[in-house]
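> As you go down the protein sequences, you meet chains A and B in turn. Residues in the first sequence are numbered consecutively from 1, following our numbering. Residues in the second sequence are numbered consecutively from 1, following our numbering.
Just so you know, these hints were derived from the structure itself, not from any lab. Beta carbons are placed, not taken as given, at the ideal position from N, Cα and C, and that holds for glycine. Honestly, I wouldn't trust all of these hints.
[Said to hold, decoys possible] Negatives, chain A to chain B, calculated, CB over 10 Å: (1) Thr84; (2) Lys102; (3) Val108.
[Said to hold, decoys possible] Label pairs and their computed distance ranges (CB to CB): (4) A/Gly16 with B/Ser38: 32 to 40 Å; (5) A/Lys69 with B/Gly40: 26 to 34 Å; (6) B/Leu116 with A/Thr20: 37 to 45 Å; (7) A/Asn22 with B/Lys17: 39 to 47 Å; (8) A/Ser109 with B/Gly28: 38 to 46 Å; (9) B/Gly40 with A/Arg60: 24 to 32 Å; (10) A/Arg60 with B/Asn10: 29 to 37 Å; (11) B/Gln83 with A/Asn18: 37 to 45 Å; (12) B/Ser53 with A/Ser109: 42 to 50 Å; (13) A/Gly59 with B/Gly51: 28 to 36 Å; (14) A/Ser39 with B/Thr13: 31 to 39 Å; (15) A/Lys69 with B/Gln83: 19 to 27 Å.
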Amino acid sequence: SQQGEEDPQALSIQEGENATMNCSYKTSINNLQWYRQNSGRGLVHLILIRSNEREKHSGRLRVTLDTSKKSSSLLITASRAADTASYFCAGAQAGTALIFGKGTTLSVSS
Amino acid sequence: GAGVSQSPSNKVTEKGKDVELRCDPISGHTALYWYRQSLGQGLEFLIYFQGNSAPDKSGLPSDRFSAERTGGSVSTLTIQRTQQEDSAVYLCASSLELAGNTGELFFGEGSRLTVL
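Please build the complete structure, drawing on both the sequences and the hints.
Structure below.
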């Protein structure tokens with residue numbers, strides 16, 4: 001079962017603007033994680049939010065979680081060209097592997 | 001090593017040949033995962049290990065695919081009689097504990113498989 005579906009599929013913005021990506025999932029989760037993937041590389045963990053948390057910050061990243069709507073959002077503030085990458089969310093259930101969505105491809109132009 | 005190591009980084013093979021992909025996880029990580037990523041697509045879950053056991057093999061696409069993990073460390077993903085649709089990047093990840101128990105995954109750089 002898919003535990004992460006990102007929206008939009010692609011996002012193009014200018015440097016300095018904020019980027020918002022959304023994620024929906026289907027079943028109850030213990031935590032939701034966001035990862036980043038630069039072209040041709042492996043995924044890198046960005047942030048984890050637990051099911052009993054509503055918002056979490058890390059540097060320029062802000063993640064929200066709404067368990068009633070089974071959705072999460074990732075906000076990147078003051079984006080930079082180096083933020084250009086694909087971003088994936090994944091909901092984690094107890095005792096299972098992490099199932100990822102298809103990702104949002106973010107392009108930040110200078 | 002400091003991170004997850006995968007080999008080979010690139011593999012070109014002919015249709016019908018068998019291939020083995022290797023993953024060396026971070027030392028001490030009990031959970032190990034295999035994913036497949038086709039060009040421009042998301043990650044497709046294949047299998048995960050907790051120690052040497054594979055509780056969930058549901059993602060393996062066919063019986064041509066198999067994986068093992070020995071000594072709670074290195075894992076090998078084997079694809080027999082490769083087909084062109086097996087062409088993809090195979091990503092391995094490890095975590096200190098299962099993702100569902102707040103385990104963050106650490107990924108390798110992947111093995112790119114091309115089946116001619």
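> Note whether the CB distance of A/Lys69 and B/Gly40 lies within 26 to 34 Å or breaks it.
28 Å, holds
> Does 32 to 40 Å hold as the CB distance between A/Gly16 and B/Ser38, or does it fail?
34 Å, holds
> Beyond 10 Å on every Cβ pair: is that true for A/Val108 relative to chain B?
Correct as stated: the minimum Cβ-Cβ distance to chain B is 19 Å, above 10 Å.
> Using the Cβ atoms, figure out if B/Gly40 sits within 24 to 32 Å of A/Arg60.
Holds, at about 26 Å.
> Given a hinted range of 31 to 39 Å, is it respected by the beta-carbon distance of A/Ser39 and B/Thr13?
24 Å, violated
> Are A/Asn22 and B/Lys17 spaced within 39 to 47 Å by their CB atoms?
42 Å, holds
> A/Lys102: least C-beta distance to chain B exceeds 10 Å?
4 Å, violated
> Has the hinted range 28 to 36 Å been met by the Cβ atoms of A/Gly59 and B/Gly51?
Holds - the Cβ-Cβ distance for A/Gly59 and B/Gly51, about 35 Å, lies within 28 to 36 Å.
> Decide, holds or violated, for the assertion that all CB atoms of chain B are farther than 10 Å from the CB of A/Thr84.
Non-interface label on A/Thr84 holds, nearest chain B Cβ at 15 Å vs cutoff 10 Å.
> Does the Cβ-Cβ separation between B/Ser53 and A/Ser109 fall within 42 to 50 Å?
47 Å, holds
> Could you say whether the range 38 to 46 Å given as a hint is met by the Cβ separation of A/Ser109 and B/Gly28?
Holds: the Cβ-Cβ distance is about 42 Å, inside 38 to 46 Å.
> Just to be sure I understand the hint, the distance between the Cβ atoms of A/Lys69 and B/Gln83 should be within 19 to 27 Å; is that true here?
40 Å, violated
When held up to the earlier numbered hints, the structure conflicts with 2, 14, 15 and fits the remainder.
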